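Build the full structure now, drawing on both the sequences and the hints.
Using the numbering used here, the first residue of the sequence shown is number 90, and each one after it goes up by one.
Hints were generated in silico from the structure; no laboratory data involved.
On a predicted model such as this, the values are computed, not experimentally measured, just so you know.
Built from N, CA and C at the ideal position, the CB exists for glycine as well.
Honestly, I wouldn't trust all of these hints.
So the derived label-pair ranges between C-beta atoms look like this [stated by the list, open to error]:
| id | residue 1 | residue 2 | range |
| --- | --- | --- | --- |
| 1 | 98 | 134 | 40 to 48 Å |
| 2 | 127 | 181 | 20 to 28 Å |
| 3 | 185 | 163 | 27 to 35 Å |
| 4 | 181 | 109 | 25 to 33 Å |
| 5 | 106 | 226 | 17 to 25 Å |
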Amino acid sequence: MLEPEPLMASEHSIQVFGFINLLIIGISMLVRPVFWSNFFAWLARQGEAGGLAYGCICLSFGSLVVAFHRVWHGPLVIYTMLGWGDVVLGMICLFMPAIGLQIVTWAATDRPTVCRLCGLICLAVAVIIAAALIQAGVFFI
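Structure, rendered in structure tokens:
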């Protein structure tokens, strides 16, 4: 009889979650920066509601990372800090939607270079996460 495969630790699971999200978003931001700039322009046209929507997106990703990834040593501290940064950004946008609107307006103002830079950052963090998963022997993709 086959033994059931052991469940992946929540820390590794959230690393896989981050790897998948950051890889796909990072590639998308590099390949389609104008698309992302247009997305932020659309959010900006929604007024403060666009700032709220952006805050919800940031808070959703960040709170998942913060809840399951409590690593404060080594290269993966970058991922933990990214999660906390998204939580703080989400709080700012949700509590002060006018600031959230300023953030999405800034990103929308014909800034494909900024979108490419964000894509590179996403890819760099995805590579750090992938290396850690490979080293731990739990990288399954």
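Verification of the supplied hints:
Between residue 98 and residue 134, the C-beta spacing of about 43 Å keeps the proposed range 40 to 48 Å intact. Restraint check, residue 127 to residue 181: a C-beta distance of roughly 23 Å satisfies the suggested window 20 to 28 Å. Residue 185 and residue 163 have their C-beta atoms about 34 Å apart, which keeps the hinted 27 to 35 Å range intact. For the hinted restraint 25 to 33 Å between residue 181 and residue 109, the CB-CB distance of approximately 26 Å keeps it satisfied.
At about 18 Å, the CB distance of residue 106 to residue 226 agrees with the hint of 17 to 25 Å.
The structure fails none of the hints (numbered hints given earlier).
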